[in-house]
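A.B. asks: Sequence:
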Amino acid sequence: MDILLRDFRYAIRRIAGDPGFAAITIAIMALGIGVNTAIFSIVDTVLFKPPPYRDVDRVVNIYTVGDDGFAATSSYPDILEFAGATDLFVDVTTYEMTFLSMIRPDGADAVVAEYVSANYFRTLGLEAERGRILGDVDRAPGAPPVAVVSHQTWRRRFGSDPSTVGRTLQFNGTTVTVVGVGPKGYNGSVTGFVVDFWIPITSTAPLLEERVARQLESRATRGTFVKARLQPNVSVEQAQAGLDVISDRLRSAYPETNAERSTLVMAAADVRILPFVDKFLYPVGTFLMIVVGLVLLIASSNLANLLLAKASTRQKEIAIRLALGASRRRLASQLLLESTMLSTMGGVVGVGLAYWMAKLILAFKPPIPIPIAIDLTIDVRVLTFALVLSVVTGVLFGLVPALKATKPELLPSLKDERNSIQVGGRKMSFRNLLVVGQVAVSLVLLIAAGLFVQSMRNASRIDPGFITDNVAITTLSLDMAGYAEAQSRSFYAELVERVQSSPGVQSVVLVDRLPLSAAIRTRNALVDGFELGPDEDGIPIDIVSVSPGYFVTLGVPLLRGRDFGVVDNESSPRVAIVSEAMANRFWDGDAIGRTLRLENAQDVPVTVVGVARDTKVRTLGEDPRPYLYLPHTQVFSAFVSVVARTEGDPGSTLELFRREIRAMDPNVPILETKTMPQHLGLALFAPRMGAALLSAFGILAMLLASLGLYGVVAFAVSNRTRELGIRVALGAQYGDIIKMVMRESVALVGIGVVIGLVLAAGSTFPLSRVLYGIDGLAPGTYLAVASVFFSIALLASFIPARRAAKVDPVVALRSE
19 MDILLRDFRY AIRRIAGDPG FAAITIAIMA LGIGVNTAIF SIVDTVLFKP
69 PPYRDVDRVV NIYTVGDDGF AATSSYPDIL EFAGATDLFV DVTTYEMTFL
119 SMIRPDGADA VVAEYVSANY FRTLGLEAER GRILGDVDRA PGAPPVAVVS
169 HQTWRRRFGS DPSTVGRTLQ FNGTTVTVVG VGPKGYNGSV TGFVVDFWIP
219 ITSTAPLLEE RVARQLESRA TRGTFVKARL QPNVSVEQAQ AGLDVISDRL
269 RSAYPETNAE RSTLVMAAAD VRILPFVDKF LYPVGTFLMI VVGLVLLIAS
319 SNLANLLLAK ASTRQKEIAI RLALGASRRR LASQLLLEST MLSTMGGVVG
369 VGLAYWMAKL ILAFKPPIPI PIAIDLTIDV RVLTFALVLS VVTGVLFGLV
419 PALKATKPEL LPSLKDERNS IQVGGRKMSF RNLLVVGQVA VSLVLLIAAG
469 LFVQSMRNAS RIDPGFITDN VAITTLSLDM AGYAEAQSRS FYAELVERVQ
519 SSPGVQSVVL VDRLPLSAAI RTRNALVDGF ELGPDEDGIP IDIVSVSPGY
569 FVTLGVPLLR GRDFGVVDNE SSPRVAIVSE AMANRFWDGD AIGRTLRLEN
619 AQDVPVTVVG VARDTKVRTL GEDPRPYLYL PHTQVFSAFV SVVARTEGDP
669 GSTLELFRRE IRAMDPNVPI LETKTMPQHL GLALFAPRMG AALLSAFGIL
719 AMLLASLGLY GVVAFAVSNR TRELGIRVAL GAQYGDIIKM VMRESVALVG
769 IGVVIGLVLA AGSTFPLSRV LYGIDGLAPG TYLAVASVFF SIALLASFIP
819 ARRAAKVDPV VALRSE
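First residue of the sequence shown: 19, per my numbering; consecutive thereafter.
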């Protein structure tokens, strides 16, 4: 311990003795470790940090799996069957996210709520911050309407006012009493999404939404998620086996609704959003960690290069200490301690940078109306990651410089032949190999960034099949304001008339699902004359309900047939318009007059009256998809987007929407207002996010690699000052010196670029499958990125070369 303390004090003196070197080294490592810690904090929070439940390993998620293989929601009657398995579960609880209208004196706001069973907090082992949690008293129908406000909403909306507990609020026209403030740091059942209120599903929710009352009785309606707490002696596998028995019983007892339904039990800590969503999140998290790991590799290579340069200036000191009897192991351990301390200091600064980097990254939020919050607290897990990363980096990349510096037979630094290989008839030092590696890795990151930027541009140029300019959108759900269907129809008709009569508005229509929305809405269809497979109950078709004039408003041509009109009302025969892809798939293009039947539509035939040109439905990169348009008058939805086509800037129409809605009923909440380009931002979010992150990391890697190249050339020039002075004295011209120094830099950069191109071809080729409009290797992007990087790298080496060419021969000849 005494030796370690002496080495520690000695390392501190050495670091303090050269503050410039220490500052540069710490800054480089802070950037590398900081960006890794920032990404780790996000990835850890989203994918790995366990939820804050008591005894989280005893909490499980239960899903109902349909015939399509997706693990999703369950029906409430089925959940009661699960809850009856008391030999498996201590508690079974439900939750379902929804929007509610919270009425204020000056209007109404849309808030996010979770309908939960009364034992929700007890099942998860969570306690209230203030007041009380939901309990058995809130279970029975007829119990006073109550809610628990989330801690974040309590702080944001109510200013952390203690009197919030006991206050009454108006939700969907119903008076609800706030009985408690939720636990601090818990925002809801879905990672990253913020819930404003928790409301008991059996007592309060039916008062707020009529559909919930029906849902509580319907075994065919599946919209509720399930969590459960296992009995102390029950494992996840045993719970799965027990629910398999219950599923078999339900399939036999209720074949109409449960014939092809099974259950899936998963540990709650293993689920972040949904199982089928999580499988896409984990590869993204892995990819980001690999990318920032490469940035750290470049930063660490600079650390090794700087330590090698520093060690060469201490050769005399080390030789004397070796001659006086110091062991090589002792000296190497001292040098290794110095590198580890420098790296750890960089890690400390990097943790501070990581918080701000992570906040900057999370500023890229998807354009959805649900609040998103990710806890960026620098906790023990993040600090441990940063500490381990700092120490491991310092040891690994300080080891070679320490061993090279303490070799008993030290050759003159001018030759620097130790651990070298032959390249082009000249020696390549270990420092040069590090630079080549930096160039190669940086080029891989830059090429990946270039591909994502090209993909983003390609995606933004894809024709979605409808117009995107001069379109304003507002989204409402009148059932949140307590409107019955007849009232909703009247409200929407008046709103359309008001907005359409305003100057600058060409047309206004209603649609219950905008194309390229996050939600996917399908119905099973039975198409007359189309044979189903032996295991098929119907063909899943994307559907949407629209009002007359939708195709004109969005610029979607009708290829055959007619548009919807006033004749297509509630009492008239059911009609539909199909996309060209649907007409071609089922009727070889001859769709007019053909019929189909939709699941849960009382077997009423629907007649095709028109065929519309294909549009993008789910994603910008998809092939033409069968799409079924239904008249909003016949398939009514209280949740709609009101779409207006304007003559000029749609921004003023957004304000017109707000003004007219407030004038008609100030208690109607507006869920969202946006223009069509803003709506398309959701479809473009992934390519934009990928392009922004990879560009930032690629540029950082390029700067670090250029700094490493600059350092190697500058160090080589400083070591060759005497040689350069002799050459100048013998008549070497300015250009000759530049060429001589730059020739070696060009060799290093060229080798690195070639290796980088090969690595990029192997590592980025798989990305072309998830990028828009990019097939194969995209040689144009490779060439452009390589040219830009080559130019910047040469500039980094030209600066010390230019300084070398201006060396004074007299001063150079006096140098040692």
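No lab work stands behind these hints, which were simulated from the structure alone. Everything numeric in this text was worked out from a predicted model, so none of it was measured. Positions of the beta carbon are idealized from the N, C-alpha and C atoms, including for glycine. Careful: at least some of the hints might be erroneous.
[Stated by the list, open to error] With a Cα cut of at most 30 angstroms, we get these calculated BS3-like pairs of lysine-lysine:
| no. | residue 1 | residue 2 |
| --- | --- | --- |
| 1 | LYS757 | LYS328 |
| 2 | LYS67 | LYS202 |
| 3 | LYS425 | LYS67 |
| 4 | LYS425 | LYS328 |
| 5 | LYS328 | LYS67 |
| 6 | LYS202 | LYS297 |
| 7 | LYS383 | LYS202 |
| 8 | LYS383 | LYS67 |
| 9 | LYS377 | LYS202 |
| 10 | LYS328 | LYS202 |
| 11 | LYS383 | LYS425 |
| 12 | LYS425 | LYS297 |
| 13 | LYS328 | LYS824 |
[Claimed, not checked] Quick list of simulated restraints, FRET-style, between CB atoms:
| no. | residue 1 | residue 2 | range |
| --- | --- | --- | --- |
| 14 | GLU665 | GLY143 | 29 to 35 angstroms |
| 15 | VAL155 | ALA681 | 21 to 27 angstroms |
| 16 | ALA287 | ARG150 | 22 to 28 angstroms |
| 17 | GLY547 | LEU801 | 51 to 57 angstroms |
| 18 | ARG267 | ARG150 | 32 to 38 angstroms |
| 19 | ARG787 | ARG479 | 45 to 51 angstroms |
| 20 | GLY38 | PHE176 | 48 to 54 angstroms |
| 21 | GLY522 | ALA45 | 51 to 57 angstroms |
| 22 | VAL155 | SER478 | 53 to 59 angstroms |
| 23 | SER178 | ASP641 | 50 to 56 angstroms |
| 24 | ILE396 | ALA341 | 45 to 51 angstroms |
| 25 | GLY791 | ARG580 | 34 to 40 angstroms |
A.B. asks: Run every hint past the structure and note whether it holds.
C.D. replies: Evaluated hints:
no., hint, in the structure
1, LYS757 <-> LYS328, "27 angstroms, holds"
2, LYS67 <-> LYS202, "16 angstroms, holds"
3, LYS425 <-> LYS67, "46 angstroms, violated"
4, LYS425 <-> LYS328, "15 angstroms, holds"
5, LYS328 <-> LYS67, "41 angstroms, violated"
6, LYS202 <-> LYS297, "29 angstroms, holds"
7, LYS383 <-> LYS202, "23 angstroms, holds"
8, LYS383 <-> LYS67, "20 angstroms, holds"
9, LYS377 <-> LYS202, "20 angstroms, holds"
10, LYS328 <-> LYS202, "50 angstroms, violated"
11, LYS383 <-> LYS425, "54 angstroms, violated"
12, LYS425 <-> LYS297, "51 angstroms, violated"
13, LYS328 <-> LYS824, "24 angstroms, holds"
14, GLU665 <-> GLY143: 29 to 35 angstroms, "58 angstroms, violated"
15, VAL155 <-> ALA681: 21 to 27 angstroms, "42 angstroms, violated"
16, ALA287 <-> ARG150: 22 to 28 angstroms, "27 angstroms, holds"
17, GLY547 <-> LEU801: 51 to 57 angstroms, "54 angstroms, holds"
18, ARG267 <-> ARG150: 32 to 38 angstroms, "37 angstroms, holds"
19, ARG787 <-> ARG479: 45 to 51 angstroms, "19 angstroms, violated"
20, GLY38 <-> PHE176: 48 to 54 angstroms, "52 angstroms, holds"
21, GLY522 <-> ALA45: 51 to 57 angstroms, "55 angstroms, holds"
22, VAL155 <-> SER478: 53 to 59 angstroms, "54 angstroms, holds"
23, SER178 <-> ASP641: 50 to 56 angstroms, "52 angstroms, holds"
24, ILE396 <-> ALA341: 45 to 51 angstroms, "48 angstroms, holds"
25, GLY791 <-> ARG580: 34 to 40 angstroms, "36 angstroms, holds"
Consistency with the previously given hints fails for numbers 3, 5, 10, 11, 12, 14, 15 and 19, ordered from lowest to highest.
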